[in-house]
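S.K.: Taken in sequence, the protein lines are chains F, W and C.
Quick note on numbering: the first sequence equals residues 1 to 345 in the working numbering.
Quick note on numbering: the second sequence equals residues 1001 to 1298 in the working numbering.
Quick note on numbering: the third sequence equals residues 2001 to 2288 in the working numbering.
Treat the hints as calculated values from the structure; they're not laboratory data.
Certain hints may be false.
Stated by the list, open to error - DSBU-like, lysine-lysine: derived pairs with alpha carbons at most 30 Å apart:
hint, chain 1, residue 1, chain 2, residue 2
1, C, Lys2130, C, Lys2167
2, C, Lys2167, C, Lys2146
3, F, Lys282, C, Lys2155
4, F, Lys73, C, Lys2167
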Amino acid sequence: MLLCPAMAHAETTATEADLRQIGRSGGGLRRMADRFGDRALLGLTALASLAAVALIALVIDRVVAGSMPSISKFGLGFLWHTTWNPSLSSGVRDSNVFGAGVLVYGTLVTSAIALLIAVPLGIAIGVYLSMLSSGRLAAVIGPLVELLASVPSVIIGLWGIVVLAPFLHSTIEPALHSALGWTAIFGEPGTTGLGIFNAGVVLSIMVLPIIAAITRDLFLNVPRELKEGALALGATRWEMIRTVVLHSTRSGIIAATILGLARALGEAIAVTQTIGAGTAIKASLFANGDTLGSRIAEQFIGAVSKLQVSSLFYCALILLVMELMANIGAQLIAGRYARLQGAVR
Amino acid sequence: MANQVGAVLTPGPGLRRRRRTDRLMRASATAAAMLAVAILAIMVGSVAVHGASQLSISFLTENPAGGSLVGLAGGGIANAIIGSALLVAVATAMALPMGVLIAIYLTELSTPRTARPVRLALDLLNGLPTIVTGIFVFGLLVASHGQSGIAASFALAVVILPVITRTTQEMLLLVPRDLRDAAHALGISRWRTITSVVLPGALGGILTGVVLALARAAGETAPLLLTSSIFSSHTTLNVFGAAIPNIPIDIFSYSESPFPVEHAKAWGAALVLIVLILVGNLTARALLARQRRRLGVL
Amino acid sequence: MALSPVGAEAPSRTTSVPFAIDARQSMSPEPAEAVFDLRDVSIYYGDALAVRGVTMTIPKNVITAIIGPSGCGKSTIVRTLNRMNDSVPGFRVSGLVGYHGQSLYAGGVDPVEVRRRIGMVFQRPNPFPKSIYDNIAWAPRILGLKHDLDERVEKALRDAALWDEVKDRLRSSALRLSGGQQQRLCIARAIAIEPEVLLLDEPASALDPVATMSIEDLMQDLKRTYTIVIVTHNMQQAARVAERTAFFSLDVSEGHRAGILVEYADTATLFTRPADPRTRDYVTGRFG
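Isolated chain F, as found in the complex (with noise of 0.2 Å):
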């Protein structure tokens, strides 16, 4: 690392004197030293810097590269078709033939629930934050939540599966199926409470704090000057909230909830433990199903044949793609939003 003998000033930050020093320091040699030290330094920091980007289009290619069995085997269709069978007993139809429809169904679909649920309360949670409490509230509440994103995902996949799911079986499943039950989403309640409901509303718990931390900075960054000027021509707070400040932020809470949607795309861990494994697509939210990255999680270790270890690959390249696309928007859509707001300004 770049420890020098200058870093022990480490506990106060450096003082004129200080500074005269280092200045001082040094001999004739200083001035060919200090030539030396700026160009290694650059070159040192500009390496790290090349070797990041290297590591992404490393990461880019080896997952190319691993899938490449199995696009040419199956190609584009492997998105919708729905038969993944790794049984290698040539007397079984379809063995060996791998299709990822139930899974890019699973991944949308739990993904979709966990956005229905998070954005709305995600939001909330940002107005609540940035425009209601007070400050003292805030200051505890705020890490809180904060504090709720950094519980592990195999945590909150394994009391989705101890605590959440008995919850879900005996009470909310019921209820929505005795209420809505006449759409087909909300079918009989499953047996064990596990399945494409349960992964949702899990997701949706790694998915709130996501959002509620960039809304509550966006809204905190609106400018006070349009919040009181809706003030004082007579609107309540929720009107000014609704009109002003929602209204002026709505590319960068786009731009957040594509942010939570990768986020939700991409977990493994916690599907796997509560999603049930599914190997077809069902109408009921309550049936088992499986996801991209969950079925990955699964079958990685134990794969029983190269073409579905590079199916595997193939779906971790789906993933890719789709955190690539989400990325990029969000990125897009967040610097309209910076420009809109330096209009402002």
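Since the structure of chain F is already known, use the hints to place chains W and C on it.
M.R.: Below, chains W and C without anything else, positioned relative to chain F:
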């Protein structure tokens, strides 16, 4: 029209209706915040209640009982605690120098044009699903050399690199511009300014980033699943050898087990992990507050 | 900046004033009905006293200026008149803030209703990031005044002397207007909901001289319909536009700094024959 004589300042029917909406929406937002806090409390509470009954000295100091037999009571997770510490330490040793160097480049030395691709790469790394990180490292190292501690640590390093870079960057930006100008005015070269003025000023903040990264790495499961998940009831310290047992994989495999006794072990391990992570996060917060005070930022 | 000629009929001066008094203000209006009636008003932020013991009456359809050095509580007092300070943590007011004989801070008084009747325009123009039309139509829509919205918008823009400049681009963003146009848009926005009072908090401090003159001219037109209170740090501006002027200053006599009302009189009197030596020092430029 405009000048209504007299003043009725109490709300009329229209305003009363708007007021009701206002109160309702504000109450909803408050309830949402309380719900998030309640979820955290229920989650941590569940882990504490379920985990506490499992926790004992032997759980922390013994290795798993019964070799590779499953469903047995007794035994502990000592090998996983040691393994997790080892993996996280090696991962931090890999990511920290790299992250600090990148942060220095981005805040002190880059031009806007050269910074762009680096920022994009870091954003993409930050958003990379960790299962994809796992599969990447599998393709890079595990497919040819088998599971190993070093592969797992590398995967964790990829996960925490953007975390360390971002916190370091934020801290470097907090060091006042004047300090750099003062150093330059005294004829001090750039690298000396950075290594002897800027970095020491930001050291507390960099430490915060390290602690946050440790907490993040300690809880990551997906990258380890593909790189260091083969069960072992022994303590392994050789990172270049076989898979190294660790807490997240223990929780994961115990949670997937059909045996209640293993669910109990999962809760016990979860309690150990969550305490470590919460302590890490609170430490980071305290460090950050101290650092900001020191640099005079409110 | 002071474009008005020196009033030849100005009263004999006991103080030499470094600028002109407009003849318009010299004619004292007949005693008008009081809109605001402040009795011993003190304002606190937490434990800190910001303004102490203000007693003054603000008449109807008159422009009243509040002047004084920075930090003397000018903005604080004017923001108390429409309860804009309610959301400031620790804000507290004692004494009586009367509005048409009713206390603004009495229980049952709704601050939203208060702000609807007592409009405010701020120091920096703060149009919403919406179209010109939507800026004006925003408050009427919320208040349920949706019929004849187009006419309402046009009338507000005409009254704010902005109509001719923007009538062909009502749908374009308000942020593209110049600073002076934006401030007139904010005035139009405020009068679109037909308030009784307009509070102007340093409305021209962020504008160039030409835009400032257009705002000042506009105020002369508006006072026929509205009661106007303007806070300004610019004495010349007060002298040009206001009939009545209140001079606030910082007082440190009781151990802590607080804003107090030093003198309140007809503008001409305050600037030419101030009763209080502190006022005289301020208006002749020996202080601040």
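S.K.: Hints first: check each against the structure and report whether it holds.
M.R.: Here is what the structure says about each hint:
no. : hint                  : verdict
1   : C:Lys2130 x C:Lys2167 : 16 Å, holds
2   : C:Lys2167 x C:Lys2146 : 20 Å, holds
3   : F:Lys282 x C:Lys2155  : 60 Å, violated
4   : F:Lys73 x C:Lys2167   : 64 Å, violated
When the structure is compared with the earlier hints, violations turn up for hints 3, 4 and for no others.
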